[in-house]
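Read top to bottom, the protein sequences are chains A and B. According to the working numbering, the first sequence holds residues 1 to 437 in order. According to the working numbering, the second sequence holds residues 1001 to 1437 in order.
Note that these hints are calculated values from the structure, not bench results. Fair warning: there could be bad hints in the mix.
[Stated by the list, open to error] Partial chain A-side listing against chain B, Cβ under 10 Å, derived:
| # | residue |
| --- | --- |
| 1 | F178 |
| 2 | G197 |
| 3 | T221 |
| 4 | F232 |
| 5 | A259 |
| 6 | G406 |
| 7 | V409 |
Since the structure is predicted, the reported quantities are computational estimates derived from the model, not experimental observations. Every residue, glycine too, gets a C-beta built ideally from N, C-alpha and C.
Number of protein chains: 2
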Amino acid sequence: MTRTLTNEISAHVGETITIEGWLHKKRLLGGLNFITLRDRRGLAQTKVEDKSELEKLRGLQVGTVLALTGTVVADERAPGGAELHDVTVDVHVPVTEEPPIEIDKPISHKSENLDTLFDYRVLNIRNLQEQKIFKVRASLTRYLREYLYGKEFVEIDTPKLLAEATEGGAEVFKLDYFGKTATLAQSPQFYKQIMVGAFERVFEINHSYRAEPSATTRHLTELTMLDIEMGFVKDHDEVLDLVGDMTQTVLRRVYDEHADDLKSLNAPQLALPEDGKVPRFTIAEIHELYTKATGTDTTDEKDLIPDEERWIADYTRKEHGSDLVYAVDFPAEAGKFYHKFKDDGTVAWGDLLFRGLEIATVPLRENNYDKMIEQMTAKGLDVTHEGFKFYLQAFQFGLPQHGGCGFGVDRLVQKTLGLSNVKEATLFPRDINRLTP
Amino acid sequence: MTRTLTNEISAHVGETITIEGWLHKKRLLGGLNFITLRDRRGLAQTKVEDKSELEKLRGLQVGTVLALTGTVVADERAPGGAELHDVTVDVHVPVTEEPPIEIDKPISHKSENLDTLFDYRVLNIRNLQEQKIFKVRASLTRYLREYLYGKEFVEIDTPKLLAEATEGGAEVFKLDYFGKTATLAQSPQFYKQIMVGAFERVFEINHSYRAEPSATTRHLTELTMLDIEMGFVKDHDEVLDLVGDMTQTVLRRVYDEHADDLKSLNAPQLALPEDGKVPRFTIAEIHELYTKATGTDTTDEKDLIPDEERWIADYTRKEHGSDLVYAVDFPAEAGKFYHKFKDDGTVAWGDLLFRGLEIATVPLRENNYDKMIEQMTAKGLDVTHEGFKFYLQAFQFGLPQHGGCGFGVDRLVQKTLGLSNVKEATLFPRDINRLTP
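In isolation and in its complexed conformation, chain A is listed as follows (with noise of 0.2 Å):
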């Protein structure tokens, strides 16, 4: 018989159907005896009359796999407002052994529980709830892909076996490839940039990789990365609207179709700019608001210390109505060598923070090759090493004004799910401490 799923039984009243999945639960309760199915569709709620239908499942656990075929009756109480009645019972895979957690249970998300959380990861992904987090998490890369696709970007596709580090040596995984030593990537950076003297406009999403032995709720191994970068532009403004655009109507269209997984998770309520303008603030500025609001002097420190990070976020939401908030204009000596510095003593690089949390930084770039040299050699890099020789050949051949951001999935997730470790937003996450599962 044709499997018909959970969520469409109650298009059925009156007919004999089959529905397959997973035995989620089981009460026998003397003469009324109950068993609810999960499917990927969600739940089912089945009445066993049959003694010698109820002794097929006699010693098996939730997981078992089976087949209920029975009559469809309406019913207000069971979930779709439809159950399965005078139910014959089809066992496909039996399990007999009680699983370690509790299926219909979610495991709690306090952090002293996480390891719990991620030990149990093969079956606590079983539970309903927690499933929510990994279609949002979905959604959230399928329509970033979309949006970008809408304007033009070309999707890359970058390799993560280098064989140099070019920056940020010590926080760099390192191979045996061969003989040689290779390394993995911690970004796509050099490769989109380019690639902008190509198709002016890529993306990708994919893994980068960061050895850095510490271990925070903001911090992975393994992260999951949307690289942008766009040329042709007249300036940091329009990367960073391009960016924030982007995130508004990818937050806005996540909130629209999963508007009851994010309330089921006591997701926080969407806040977005009325004009569709993410409020930017320089570092300055964030400095002197600061400092008169709390009396504590920041205007000294180079970059937000992380109490203004929360700050500013809190700031925004009431003062503009706004989850999101750019700090822009950092002092240039936070500057990196490919970054675009101006004439105010500033760096013309964004951070995106969401909720509090930095999730993109949004930098323009020095795209002249003579000034590229010149700032590299002022922080002390080779330009002659071999691991630049290809980036820089992109400059010396003409590279437009372009700017781009690396964006952070996972930070993503975490934030639009108001969850408190990026690791929670993660399937099986990677840190100093876990390789497994």
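Chain B: place on chain A using the hints.
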């Protein structure tokens, strides 16, 4: 002035517009001075009449980033049917050195020339013909995703850093992970099977790593795979049908939407079966047909010999009008521990051949825990090994019958375009000898 893109200029005949891009060609013929500009949409021809404007380009080479402002004049001989006259020149980024390759001329893809192709990738990707390969590639992955979204597959994102190598130990890259040894994933197979227990239908497009010391036209050390897994399948046919339908749908769409690109790249004509069903032959049938046709007896071989792959591809194209063919039911001794073995001495495993190259393996899995333990033990594997713990947990607590595929994205691109080496389908290929650019 607002930027007009090159393929839009014919809509502005009589108007003064600005185009921006790269100096692509300069032909100075005394009185007639033509400048061709390249942008992301293609090329535009312009005429520079004013000597002082021409002077701005003295000594500047291909790649120079510039804006050209002029009046649009219809001209059938120009690309797009119009060109710019009376042009004023605004140089954004001067290039003073002549590029080491001609951008206007595609680098030959002859096998003896591939190293040149990749050594100059940074610049040859600026060639419009070369770009088409990667636009087709971006569309193929996009359409694969869209097909799977439409069939309720959830996109998952699984780690490439693993604690243990679980198969093919010799061909695994190893790295130092904070004093422990980690390996790079050869495939997400264990993870996708685990996820069947939650979402029933999952897929992932991501990199896989194979430390194969062989340098062939088929192999990469870092490859891009589409991994699919689907549960609650009735039989192997259901999996073969889905993967076959997906491949045909995606190929039809790319042949339709990239018709001009494919034509100009001399891609082969697409031949798909009229009834939409990919022809299937068992390994035994292919051996028999081949032996009869060629006189070479292969009936004792367990796998197809390479010439048989070519032969059955030709045969299927001639007899069934199809570029795709399934070779199914491998002899049991070819099967792996996670395959479903059939009673007739074969394994429920199909290879999808596209124009003579295996692009996907499409097996049904053993899903019964006790049988898995039995099959693993028979293959000499230690079922108590830490590396199998989480994988086996998924089976122990109930997995439905499932199957899927490992689908080579690089190979799909290669054979779609009729390229002779898989590396040509890859922006920055990695093999035993190549880690740069």
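Do the hints match the structure? See the list:
Satisfaction of the interface hint for F178 of chain A is found here, the shortest Cβ-Cβ separation to chain B being roughly 5 Å, below the 10 Å cut-off. The restraint placing G197 of chain A at the interface with chain B holds, with a minimum CB-CB distance near 6 Å, inside the 10 Å limit. Hint on T221 of chain A holds. Least Cβ distance to chain B is approximately 7 Å, under the 10 Å limit. Interface restraint check for F232 of chain A: the shortest CB-CB distance to chain B comes to about 5 Å, inside 10 Å, so the restraint holds.
Interface hint status for A259 of chain A: violated, as the beta-carbon distance to the closest one in chain B is roughly 18 Å, over 10 Å. Because the closest C-beta pair between G406 of chain A and chain B is about 17 Å apart, greater than 10 Å, the hint is violated. For V409 of chain A, the shortest C-beta to C-beta distance to chain B is roughly 8 Å, which falls under 10 Å, so the interface hint holds.
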